[in-house]
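Residue-level listing of the chains:
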Amino acid sequence: MKYLTPLKLSIYGGMLFIFVMLESPVILLANRIEPMLMGIPFLLVWNLFWWFALTALFLVAYLTNWGSPTPQINHSAKQPSEGDTA
Amino acid sequence: MTGSLLIIAAFMIIPLLVGVLSARHSQTTSEDFFVQGRAMGSIAVFFTVAATWWSAFAFLGSNATFYTNGPVFLTALAWNLLFGFMYYWVGKRVWFLGKRFNYLTPSDLIGDFYNSEALRLSVAAITLIFTVPYLQIQLTGGAYLIEVASGGLIPFWLAALLFYFIIIIYVWIGGIRAIAWTDVIYGALLFFGMMYAGYYISSQVGGPAALFSQLQQSSPEHLTMPGPNGNMGYPMWFSLFVVTAIGAFMGPQIWLRMYSVKHGKLFNMMPFLLGLAAFAYVGSVLSGYSGVILEPDVDNPDQILPIMLMEYAPYLLASLIMAAGASAAMSTANSQIHAVSTVVTMDIYKRYINRGASQARIVTIGRFSLVGFSLAAYIMALTVPGVLVTIGIAALAGTAQLLIPTIGAIAWRKAHPTAALVSLWSGVACVLLMTFGPLSAPFGFHAGVWGLLINTVLFVGLSHALQRQDTAVVERFDQARYDYDAEYHPERLPAHGQESTRTAIH
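Those protein sequence lines, which keep their order, are chains A and B.
Just so you know, we're using the working numbering here: the first sequence kicks off at 44 and counts up by one.
Just so you know, we're using the working numbering here: the second sequence kicks off at 37 and counts up by one.
These aren't lab readings, by the way, just hints derived from the structure by calculation.
Please note that the accuracy of each hint is not assured.
[Said to hold, decoys possible] Straight-line alpha carbon distances no greater than 27 Å define the calculated BS3-like cross-link-like pairs of lysine-lysine that follow:
hint, chain 1, residue 1, chain 2, residue 2
1, A, Lys51, B, Lys298
2, B, Lys135, B, Lys450
3, B, Lys450, A, Lys51
[Unchecked claim] Covered by chain B, according to a simulated footprint, are these stretches of chain A (three or more residues, beta-carbon under 8 Å):
hint, stretch
4, 65-74
5, 83-95
6, 98-109
Glycine residues also receive a C-beta, built at the ideal position from the N, C-alpha and C atoms.
With the hints as constraints, model all of the structure from the sequences given.
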């Protein structure tokens, strides 16, 4: 697992944590109307908060190349395939 | 009324013109017609992926679900984020392999990696069978909106016919390039429409805070799970998250939008952009919940937004927002028609009927397939009734099953063809039996979730138990994966920071 750089680990770990907050049974803890924030039910606030957090994390991921070093070489030249279809 | 008809006419004609104009850049090759020569830029990619992904299901179905079943559709915020992440992680690898081995369809990748004609045909069949019902709901939703916006002057059957007539013209001429260009318009209209409809309709009850306060007094069960009918609790919350995101992502229309991308780096920012766009669902929250206060007795919940717009908004504004809703439907329908015609042309016609077909012949077959599938979906829209979300989820549960063999193909050298075939059909059978057959889905989770579970267990178990004999294919994909890592994830290479010789990634 050496390829999991600290930054990459933080991005993927943070992402997993937020999905757990939104989609695991933890969501049932937020399944309530009160306390309302600015007149908005708590369940909606909870979802919007974690949505915002993960969207921001995706922005950080983009800006940091998803935790990978900037690539130095290019290997993407086409090569023929046995199942060539186009 | 004249103003509304003008809006509808503009809604029909402007995309037609844009599509026709875009066709001036087209070339007469199948790669250009189906995947824009793998040269689609960032703006077109974002809008065409987002507008294709957001359908009548999102525009009308979301309002209907908040109105009828309470907050379960809030899980859409998370499924948009999951969709975005998959577009990055899976999509970028699919794109890389597609570019290297010249793939055009889902079957190309899966059939090539597993070296199996049975899998190739299975994938083609599953994409076709489960995409057509989803296509039908786009037509139903979009045509209904046009009918309402015109005050009934354009009946449903005519609206649906116009709908497909226009799509066929510009896709016939310009292929996926025309779709991508028109999707920029559709996408912008769609997000504006969802947000503004929510803002405007909720202002009729005093704004968002007043809306929630009134709802808390009159119908608090709408604000928490399991909703007013008591059947939309956590299992459905999780099921919608899994099935919708994965099912839509595995649709052939999204596959083509992976293959079409020009640069790999475009995939890196898509999770952020697609996640950000999900904020538009707040508009649906406000519209759907306002309906509970303003129009509590609507029989068909899919009609709640158009009914409120006609009742409470100025006619022109209502027509404009409904045109935005029709955009959601059209932008998905055009992509689906194009995608299924690609599957038929490449996976069936070119592979099994006419292997030596010329580029011009392939494009012609693709165009006639457009017409055939449009006609099938049109007939279904006129004859098959159903609620948008119900049909949509069942169709998505089927295509979702393709994720497992796809992940095997892009990331796991031990993935075995027999395992992929058995697990894929087991997952599909589970979905069909639990949706239409005698079995019921246990614990309230959707059939699609159980299908994915069975699919995964069988796939992993059988792949471990069986041994692949076709080492040349496995090695070819190992090399491709190695090159992918070298280009985008150099830290994964064994000798990161130094020149290294080719090493298989196991």
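Comparing the hints with the structure gives:
The straight-line distance between the Cα atoms of A:Lys51 and B:Lys298 is roughly 25 Å, inside the 27 Å bound, and the hint therefore holds. Taken as a hint, the B:Lys135 and B:Lys450 pair is honoured in the structure, with Cα atoms around 23 Å apart against an allowance of 27 Å. Distance restraint check for B:Lys450 and A:Lys51: the Cα-Cα separation of roughly 26 Å lies within the 27 Å cut-off, and the hinted pair is therefore satisfied. Counting residues of the stretch 65-74 of chain A whose CB lies closer than 8 Å to any CB of chain B gives 6, so the stated coverage by that chain holds, three being the minimum.
Interface restraint, the stretch 83-95 of chain A with chain B: holds (8 residues with C-beta to C-beta distance below 8 Å; minimum three). Figure legend: the stretch 98-109 of chain A, annotated as covered by chain B; annotation consistent (7 residues with Cβ-Cβ distances under 8 Å, at least 3 required).
Taken one by one, the earlier hints all hold for this structure without exception.
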